[in-house]
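Letter by letter, the chains look like this.
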Amino acid sequence: MNYKVTIGLETHVQLKTNTKVWCSCANVYGHPPNTDICLICLGYPGSLPVLNKEAVRLTVMTGLMLGCNINTYSKFDRKSYFYPDMPKNYQISQYDKPFCEGGGVEIDVDGDRKRVSLTRIHLEEDVGKNIHHESASLIDFNRAGTPLMEIVTEPDMESADEVFAYLLALKQILTYGAVSDCNLEQGNIRCDVNCSVRPADQKELGTKTEIKNMNTFKGVYRALKHEIQRQIDVVEKGGVIHQEARRWDDLAGVTTAMRPKEYAHDYRYLPDPDLMSVVLSDEQVSKWREALPELPAARRSRLVAEYNIPEYDAKVLAADKAIADYYEEAARLSDHPKVVSNWIMTEVLRALSEHDRGIQQIKISPQYLVDLVKLVDDKTINMPSAKEVFNQMFETGENPSTIVEHKGLVQVSDTDAIDALIVQVLEEHPQSVGDYRNGKKNAAQFLVGQVMRLSKGKANPQIAMEAIQKKLNS
Amino acid sequence: MSKAYSSHTEKIDVEYVAHLARIKLNEEERERFQAQLEEILGYVDQLKTLNVEGVDPMAHPFPIQNVFREDKTCPSLDHEVAMKNAPQKRNGHFMVPKIVE
Amino acid sequence: MNPYSYQKGTIHELVNLLEKGACTSEEIVTDVLDSIGALDKKIQAYVFVDREACLEQAQMADQARQAGKKGSLLGVPIAIKDVLNVKGDPCTCASKIMEGYTASYDATVISRLREEGAVLLGRVNMDEFAMGSSTENSALKVTRNPWNTDYVPGGSSGGSAAAVAADEAIASLGSDTGGSIRQPAAFCGCVGLKPTYGRVSRYGLVAYASSLDQIGPITKDVRDSAILLEAISGYDQMDSTSVDMAVPDFQSALKEGLEGARLGLPAEYFVEGVDPEVREGVDKAIEQCRSLGAETVEVDLPHTSHAIAAYYIIANAEASANLARFDGVRYGARIDGKDPIDMYAKTREQGFGEEVKRRIILGTYVLSSGYYDAYYLRAQKVRTLIRNDFEKAFESCDALLTPTTPTAAFAVGEKKGDPLQMYLNDVFTVTANLAGICGISVPCGFTSKGLPIGLQILGPAYKEENVLNVAYAYEQAAGRSKV
Ligand SMILES: [Mg+2]
Ligand SMILES: [Zn+2]
Chain H
115 MNYKVTIGLE THVQLKTNTK VWCSCANVYG HPPNTDICLI CLGYPGSLPV
165 LNKEAVRLTV MTGLMLGCNI NTYSKFDRKS YFYPDMPKNY QISQYDKPFC
215 EGGGVEIDVD GDRKRVSLTR IHLEEDVGKN IHHESASLID FNRAGTPLME
265 IVTEPDMESA DEVFAYLLAL KQILTYGAVS DCNLEQGNIR CDVNCSVRPA
315 DQKELGTKTE IKNMNTFKGV YRALKHEIQR QIDVVEKGGV IHQEARRWDD
365 LAGVTTAMRP KEYAHDYRYL PDPDLMSVVL SDEQVSKWRE ALPELPAARR
415 SRLVAEYNIP EYDAKVLAAD KAIADYYEEA ARLSDHPKVV SNWIMTEVLR
465 ALSEHDRGIQ QIKISPQYLV DLVKLVDDKT INMPSAKEVF NQMFETGENP
515 STIVEHKGLV QVSDTDAIDA LIVQVLEEHP QSVGDYRNGK KNAAQFLVGQ
565 VMRLSKGKAN PQIAMEAIQK KLNS
Chain C
9 MSKAYSSHTE KIDVEYVAHL ARIKLNEEER ERFQAQLEEI LGYVDQLKTL
59 NVEGVDPMAH PFPIQNVFRE DKTCPSLDHE VAMKNAPQKR NGHFMVPKIV
109 E
Chain P
187 MNPYSYQKGT IHELVNLLEK GACTSEEIVT DVLDSIGALD KKIQAYVFVD
237 REACLEQAQM ADQARQAGKK GSLLGVPIAI KDVLNVKGDP CTCASKIMEG
287 YTASYDATVI SRLREEGAVL LGRVNMDEFA MGSSTENSAL KVTRNPWNTD
337 YVPGGSSGGS AAAVAADEAI ASLGSDTGGS IRQPAAFCGC VGLKPTYGRV
387 SRYGLVAYAS SLDQIGPITK DVRDSAILLE AISGYDQMDS TSVDMAVPDF
437 QSALKEGLEG ARLGLPAEYF VEGVDPEVRE GVDKAIEQCR SLGAETVEVD
487 LPHTSHAIAA YYIIANAEAS ANLARFDGVR YGARIDGKDP IDMYAKTREQ
537 GFGEEVKRRI ILGTYVLSSG YYDAYYLRAQ KVRTLIRNDF EKAFESCDAL
587 LTPTTPTAAF AVGEKKGDPL QMYLNDVFTV TANLAGICGI SVPCGFTSKG
637 LPIGLQILGP AYKEENVLNV AYAYEQAAGR SKV
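Chains as they are written, first to last, in this note's numbering: chain H, 115 to 588; chain C, 9 to 109; chain P, 187 to 669.
Chain H with its partners taken away, still in its complex shape (with noise of 0.2 Å):
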């Protein structure tokens, strides 16, 4: 049988300000347990919150990032249940008034364009970390009261693929606005999926699940394989599906069902009596608006149109700003910027995820990487040595020029000196020669390889070909 499934997700996205959302201590990852805390995120007895205003703000701008409409009154709410992690048993969220409603995300899977609908987008705080020991529990609350945006799309994905392109589109749209640094690993981005499957002729969604507290894009891309599998599973063996939330086991690659929370439901919501309900004049909003930063799709288009790049390149380049940044620092410099976005694409990515180091610790200036192009381009080094220079200026940051004099790799592009070494070659390897002359024309191949090595690589193997051919030839 066929099946229809329907994914929808609430995504927690760690906003980017200096300070908590109610309290002035640090907003940072990191440090020693219980050191970033005060009365407030600690929810002493007497202490009250007061609203951090950046963290109104970035929430906005994501909502107007998003094409959301802002609601101009908006309101905070007491969630109420009861967790260690929690200080004050109830987390300060927004019940029915929040900052945004509405709003998309556009997606790309394969070709295929869609646009993700948004429900609402709310300012809360984060709660503390848990760490389980073998007889007890250890509580962190530095992370206690650090701002959180709760993104909320409608049950609008129908597959994994989609709910990747979502989150994909999202962090880049999130990292254009400063909004969020959305580091996984530091947990920045997590989310909760809700997943349910039908049979493609019913009419009415089947029971969903929901996979809890997901913090990478690919654990999510697993869990959803396996969840929606497994619940197709169980309805073809004529089984029921429980809603419940489960939780994912990266290593097991399954879903567990979470033991479930009595009464999880029952939060009474109540108006924070502590808190004063914000209203944004339609003024603060546009010159918000106006503040907006560019944003992916405009980029693509404009790499394409500015610098006369391929639509593919200016999709890799603009998929992180900060690369696309970069880029552009470099392609101002240069006459190339076909070939410099050749030199990002390829081996600056690649030398990154070798390291494991994000564009922002590239040692090697953009103006140095436009030098090498140059380099290649007036054939002062091949592009052997190119590769070569480039990972030392890799490691080391060092002026490309630099390198090249220091190992000696200007290349050899004098005839004389060159024939000399073909001289050579074709006096070592008359077999090859034979081969040549006998039509198989590929080993000139060969022979332009051994007046590289011979030249320790710096001979221009142009002009090494040519001189060979015609030697043959003649």
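Simulated from the structure, these hints should not be mistaken for lab results.
A few of these clues could be false.
To be verified - Per label pair, the in silico range of CB-to-CB distance:
hint	chain 1	residue 1	chain 2	residue 2	range
1	P	ARG465	C	THR81	57 to 63 Å
2	H	LYS167	P	SER555	31 to 37 Å
3	H	LYS167	P	THR482	56 to 62 Å
4	H	GLU358	P	SER555	54 to 60 Å
5	C	LYS92	H	ARG229	48 to 54 Å
6	P	ASP604	H	HIS356	43 to 49 Å
Unchecked claim - A short, non-exhaustive set of chain H residues, derived as facing chain P with CB atoms under 8 Å:
hint	residue
7	ARG192
8	SER194
9	PRO198
10	TYR426
Quick caveat, the model's predicted, so the values are computed rather than measured.
Virtual Cβ for every residue (Gly too), placed ideally from N, Cα, C.
Add chains C and P with the ligands to chain H, keeping to what the hints say.
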């Protein structure tokens, strides 16, 4: 001041509500609360006789709007001070009985 | 001249003496501490007094005065309701669940008292987490009414009122969520003022119901009330609900005579159920105000009879969330359990007293799935109606005169088993909290049993001058009641 109130129509599930509030009650307490809360709820049911159509709910006496804080860090508490009141701690963490998920 | 019995003095009398150099803070504080030593076994107002620390503060105040420092409370000992955080001290909230808790900060009002040079006396008793009207709900002790120790001092700020009435403090701070300053002030023959919501920062006050709570003074006379109010008022960026408005010079509102004043008499506060002796005391006070030149007008507050119902829903809903943080994880008492859920349930079972549990359960219930609209939302709408009533009433008058309570103090134990009867006693005070307006209770005579009666004066929002003016004029004409 009038005592003219009906008895509460809906039975309050004291056990369920106490669990939501994470308060253990013994049987005697539960029964006493049951009776007392039903009497109180019977009294507050008088609000149902009021016509509140078109009346805005009031969450604050004087709603001031847009009370913000600038996004500037202040030093957090000294770790020792922040942990001082903790009933149980270990390795710089607050300690609780093992969480079963 | 005989040595002055300083513990009987008011703030303004003592500051006057201090300024003239006629006495020292150390002498005053010594007298007050001696008074506590002599009386508190009987009154049980204090939960905590650190004699040495008090004397040290007094000596520092004396030195500061010599060095030229000024301060409206410089050297004057003030008792603090034990629901306010004072750095380095416990803050019991009269609850077992706060065992082991030490405050690591000063509430904003405490900082302000320190700035004015006040000597912070010990902490005084209250109903646990300010939930109650008799101070019988304290987990620590039962405070007695100094006028007759068989009677309750009122609550929840019963310790604050009893200490002032018994001359165990010159003045005190209380908190008022539904009458918790005015009612004990009335029961103990003190002056108790609930400021307009937002006038005084709540930062550092352990919250009962955040949209209703206000801190205010309990004093021996109206002038002291103005002085102490002025000291603690003002905008605080740590409290988003505090209002950014200049603090008036409240003492300048203290004028004798009431010519031109229009005082409203709401029929709903003069109904059957008000004790005839209370009624008589209040009526006499109203007559006194008229004789001082005030004009009285009849006003209507038609939704008064629904105030208690709305109040107990709203206050307890907020309380159920506010008190969720007492779970034994970060501070306070803990009873261990097999997992956190078990630990919470046991900690809160044994840490909270019965009234607190009752209110948390009630508040949880009215917010729980399926009941929100019927209870909480409806109560919020009724709250709007009650505020509208007051707004309309204040169009025709400057302040309202009512009894503070339907009866004078009741006997210890009298209402303990009947929570609803206890709640109904707050009928005349909860309305001001729901509407957010200000109010004061001043003594207006005694019942035949010798128990004080309170006259409540309610004023529009941010018009504390109005209620202080009426209270002062009345007090000057009628004379202060003395123990
Ligand atoms: Mg959320
Ligand atoms: Zn903090």
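Hints, one by one, checked against the model:
About 59 Å separates the C-beta atoms of ARG465 of chain P and THR81 of chain C, a value consistent with the hinted range of 57 to 63 Å. Under the hint 31 to 37 Å, the C-beta atoms of LYS167 of chain H and SER555 of chain P, about 34 Å apart, fit the expected range. At roughly 49 Å, the beta-carbon separation of LYS167 of chain H and THR482 of chain P lies outside the given 56 to 62 Å, and the hint is violated. Separation of GLU358 of chain H from SER555 of chain P is about 19 Å and departs from the stated range, judged on CB atoms against 54 to 60 Å.
Distance hint for LYS92 of chain C and ARG229 of chain H: a CB-CB separation of about 53 Å, consistent with the stated range 48 to 54 Å. For ASP604 of chain P paired with HIS356 of chain H, a C-beta distance near 47 Å keeps the hint of 43 to 49 Å intact. With a least beta-carbon distance of about 5 Å to chain P, the hint placing ARG192 of chain H at the interface is held under the 8 Å criterion. For SER194 of chain H, the interface hint holds, since its Cβ comes within 8 Å of a Cβ in chain P; the closest pair sits about 6 Å apart.
Because the beta carbon of PRO198 of chain H sits about 5 Å from the nearest beta carbon in chain P, less than 8 Å, this interface hint is met. The interface hint given for TYR426 of chain H is broken, as the beta carbon of that residue sits about 52 Å from the closest beta carbon of chain P, more than 8 Å.
Going down the numbered hints, you'll see the structure goes against 3, 4, 10, while the others check out.
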